[in-house]
Every structure is written in structure tokens, then in C-alpha cells.
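Undergrad: The primary structure of each chain is shown beneath.
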Amino acid sequence: MSATGSGYDLSVTTFSPDGRVFQVEYASKAIEKSGTAIGIRCSDGVVLGVEKAIISRMLLTSSNRRIHTVGIYNGIACSGFAADARQIVNRGREEAANYKSYYANVIPGNVLANRLAGFVHLYTLYWYYRPFGCSVLVGSYSPEGTPELHQIDPSGVSHSYYAAVVGKNKEAAKSELEKIDFRTYKCRDAVKEIARIIYKLHDESKDKDFTLEMTWACDETKSKHQLVPQDLLEEAVKNAKDLKAKEEQDSDDDDDDDDDAPPAKK
Amino acid sequence: PPTPNLPRSAARPGHSSGEMMMMGHGHEAKENPRTQTTQPIVTGASVLAITYADGVMMISDTLASYGSMARYKSVQRIGKVNDGAIVGASGEFSDFQYIKDLLEDLTDEDFDTADGRELSPKEIHSYLSRVMYNRRTKVNPLYNQLVVGGFDTSKGESYLGCVDMYGSTFKDDIVATGYGMYLALPLLRKGHDKKMNEEAARKLLEKCMTVLFYRDCRTINKYNIAKVTGSGVEISKPYSLKTEWGFKRFVDPHSSE
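Protein chains in written order, with the working numbering: chain A, 1 to 266; chain B, 1 to 257.
No wet-lab data here; the hints were simulated from the structure.
For glycine and all other residues, C-beta sits at the position ideal for the given N, C-alpha and C.
Be aware that one or more of the hints could be misleading.
Quick list of in silico lysine-lysine cross-link-like pairs, BS3-like style, CA-CA up to 30 Å [what the hints assert, rightly or not]:
1. B/73 with A/100
2. A/33 with A/208
3. A/186 with A/238
4. A/222 with B/237
5. B/155 with A/222
6. B/155 with A/224
7. B/80 with A/100
8. A/100 with A/224
Here's a subset of chain A near chain B, in silico, CB distances under 10 Å, partners left out [claimed, not checked]:
9. 62
10. 65
11. 226
The shape of chain A in the complex, shown without the other chains:
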């Protein structure tokens, strides 16, 4: 995999001879094993979904939120250390309130993303801070703007996307998402698609049981960021489970067919 830091990885203020800052790269490792977070920017809004591993059967399901509303029209979904992400969310709320007090307008998505990226970057500059161990998806839909989706990772870079994934299985999820035509995609379809992808990539034998948290900011919600309505979520989950069961059924049938195939020519 990657070379061991061999002495250049002890501090975030140390470059390695080949110009890498290992501590920042290690921060990304914290996210690779964490629950998947997917965001899709549609023509009529933005949808965010997170796969939340169930930590205890006794947990009140409405607590343990992984997607937070920031400044009414933005949502921040996180993968990685949830506590680190909370700091980013709190900062985001301050930035949104501050922007409003100056400009009397809702903070645009790209401005919020830039402010948060700068904030995250700050923690890669000082030896007495450690970098954030989380990647964050910022979905925005200000009432007078267009839907936006940004991803911020521990190094402090922010990019704008039509669809973004962070967390485990992100490569597989990305290939699923590449098939979508984003220019005409609607939020209601995105809700179903995110559920389908998360269920598809979840490995029952290896991964913990999970619940799916999904939020959106779209024309239907008048741009406000909030949880997807319960009935739509249930429909999406049922659809995802059915498709997964059907796929498993089909692959079992294919395995049976292989057994009946004539033996290879000798």
C-alpha cells in the first residue's frame, strides 16, 4: 500500500522528502472504514444519505443524527469521526449566521463550503492541533439559487460535485452513481437511488446492521433542509431491499445454471 512514514509522519507540520504530509493522509484512513455517506445534486434540489451502523439495540433511533441542518437551507452529512464533524457543523452554523448578519441574505453553498474548507485546513497547519478525522458533504439549496453539493476532506480542499460519496465502498458507489444523467434527475428518484446503492453495497456478513438517514432540500420543502418524509423513506428502503433480494435470487439462479452446464471439452 503506502510507504511507512518512517519518521516523517509524527507531526502534521512535517513534510516527507517526497512532499507528502502523512498526518493528513492518515486522517483520511479514519474515514475509509466509516459508514458511507452519499450526496446527489439534482435539478430540483439536493439529497443526502448516510448509512449509520447501529451501535446498540437500546438506542433511541431519533438521536445519533449524522446529517445536520446548517443555516436552514444547507445540510452537512459526515463520514468518519462524528464528534469531529460536529465541530465543523457548529462552525458552519456560525458562518451562516454571521453571513446573514452582514449581507441579510442566506449564505450561498459555495461560500459556506469555502469557509468550512478554510476552517478544516487550519487544523493541518499547527503541530498542536490534529486534522479532522472526517469528510463532510455540504448540500445547499438557497431559495434564490441553484442546488449545490460540495465535499470537504481532512486536507481542507473542497470540490463541487453532482454526486459524491465518502466512507466505505465509495469506489463501488461512485461507479453506480456515474450512470445518472444529473441534468434532469429529480430528488424523489435520488432518494430511491441512494437507498438502493447503500443497501446493495452493504455486506450482511461483514458489516454491522444499519439504519438509513436521509435528508433533502428541494422545491417540495421550499428549499429548507430537513429529513425526507417517513413514507418516502420507507418506500425507498422497501424498494432497495426488494431489488437486493431480486439480485441475490438472480445470482443464485446463475450459480445453479453453472452446475448444469456441460463439462468443458477435454
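Add chain B to chain A, keeping to what the hints say.
TA: This is chain B only, laid out in the frame that chain A set:
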């Protein structure tokens, strides 16, 4: 610390004693800026509110005066805080705008937290009284009399209270500010009934506002009326009331009839 300036007359806002507007003989304001203000410049007149069968009803006119000038005639002096509460203000209009910003920040925070709760009218009333009292303590008051009206859906009860610029708070079924305290309160107390219906409540408030229009020189005949009930907040568009100027005593104050 700079010595506090003595309060100037409110009759000529914008004019401090002696100094001409453009040609200042000194640079007093630059060197000793006023850091505490104790006089209102742009002001609103009375706000009246009562509880009734379905909730709370509040009325105010739409004038912001500049001393004796009727400067801004289409101003809304009642604002929605959240689906359960409204705030009306008389006194300095810029301070009311500042208070509305504070309340909007609180409401935004509530929405972001997304825990199914929003601030109750009682909590808003308490918050405002803390803000007002704190400013009074610093001798830099927010020059307002505020009326907080709401419907607490968790309890199914109306809520009505007021806070003044000193931080004094009162909770009552009938609230009035400014000249309304003197002219409207007696009329409201006479005609009020907690169980009165919407039509009766509206008529009572409108009657009082008409009286205030006749007698308070700093009013105009254009009003917003607002109500808060279990189904939410409604603030009307501006409208006018019928006035009668043919009363004998209006025409001839010394008439014996």
C-alpha cells in the same frame, strides 16, 4: 471614559442643541462620540393586543414618525417570530429591527437543531425581558415597548405579555403600549371577554385604534391586524378603518349639546 451627554429634546430629532447640521463649529462628535443613546429618533405609536377564544389578536398602525413628521407610512410594527408567536413594538423603530434580527437568529437555530421544538411564547417573552433589562443596566436602552403574543400549542393556551425599555414585564389578557395605555386600555378592559369570538375581538381592537387615530397626533389610519391561534400566525395586509368627523363636539368643541 467620556462624560455622558445630556439627553437632547425629542421634538427635533437629528438636531443637537446649537450645532448646525452641516457646518459644525467643532468636531465634538468625532472626538467624543456618543456611545450610549437615550433618545428615540424614528418612532412607532401604540400597539394593542388581547386574548380571545381562539388565541391572541394584536393590532398596530403602520406609521414610523420622525419627531412630528409622518415619515414612513407603510411600516410593519408587528413581526412573526415562529408559528406560535408574534412581537409588536412601539418606540424606536431601528431597535425593533435589531430585536427582530435577534429573534430571527434564535428561530434559525431552532430550525437547525431539528428536535421538534420551537421557542414557546413564554420563552420569547423571558428572553426579550433579559435583553431589555441588560441594556437598561448599561444605560443604553432599546427604546421600545414590546408586546409578545402567542399560542402555546403544547399547552393549548394563549399567551400575552409585554416588556418595556426598563425590562419590566407584565403578563395579562389585555396589553397596550404608548398612548394606548391611557386611551385604549380602559375601553379594552370594558369590552374584553376571554371567550369573545374573532369578530368581536377584531371589532374591539379596531374601535380602540379609531379612538387613537382621533386623539393621538402621531398615528395614521392604516393598520396591520394579526392573530395567533392553534393553526398558526396570520398578519394582515395594511387596511384602513372608517372615521367619523361630523361629531358635534369635533366641529364645535364648545357646543352645549
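Undergrad: Could you run down the list of hints and mark each one as holding or not?
TA: Verification of the hints:
Distance check on the hinted pair: residue 73 of chain B and residue 100 of chain A sit about 27 Å apart at the alpha-carbon level, within 30 Å; holds. Distance check on the hinted pair: residue 33 of chain A and residue 208 of chain A sit about 12 Å apart at the alpha-carbon level, within 30 Å; holds. Note on residue 186 of chain A and residue 238 of chain A: the hinted pairing holds, with a Cα-Cα distance of about 19 Å set against a maximum of 30 Å. Of the supplied pair hints, the one linking residue 222 of chain A and residue 237 of chain B holds, its CA atoms being roughly 23 Å apart against a limit of 30 Å.
Between residue 155 of chain B and residue 222 of chain A, the direct Cα distance comes to roughly 29 Å. Compliance with the 30 Å bound is thereby established for this hinted pair. As the CA atoms of residue 155 of chain B and residue 224 of chain A are separated by approximately 27 Å, the hinted pair is consistent with the 30 Å bound. Only pairs whose Cα atoms come within 30 Å are accepted, and residue 80 of chain B paired with residue 100 of chain A is accepted, the gap being roughly 18 Å. For the given pair, residue 100 of chain A sits about 16 Å from residue 224 of chain A by alpha-carbon distance, which is consistent with the 30 Å threshold.
The interface hint given for residue 62 of chain A holds, since its Cβ lies 9 Å from the closest Cβ of chain B, which is under the 10 Å cut-off. For the restraint placing residue 65 of chain A at the interface with chain B, the shortest Cβ-Cβ distance is roughly 8 Å, inside the 10 Å limit, so the hint holds. For residue 226 of chain A, the shortest C-beta to C-beta distance to chain B is roughly 7 Å, which falls under 10 Å, so the interface hint holds.
Violation of the numbered hints given earlier is absent; every hint is satisfied by the structure.
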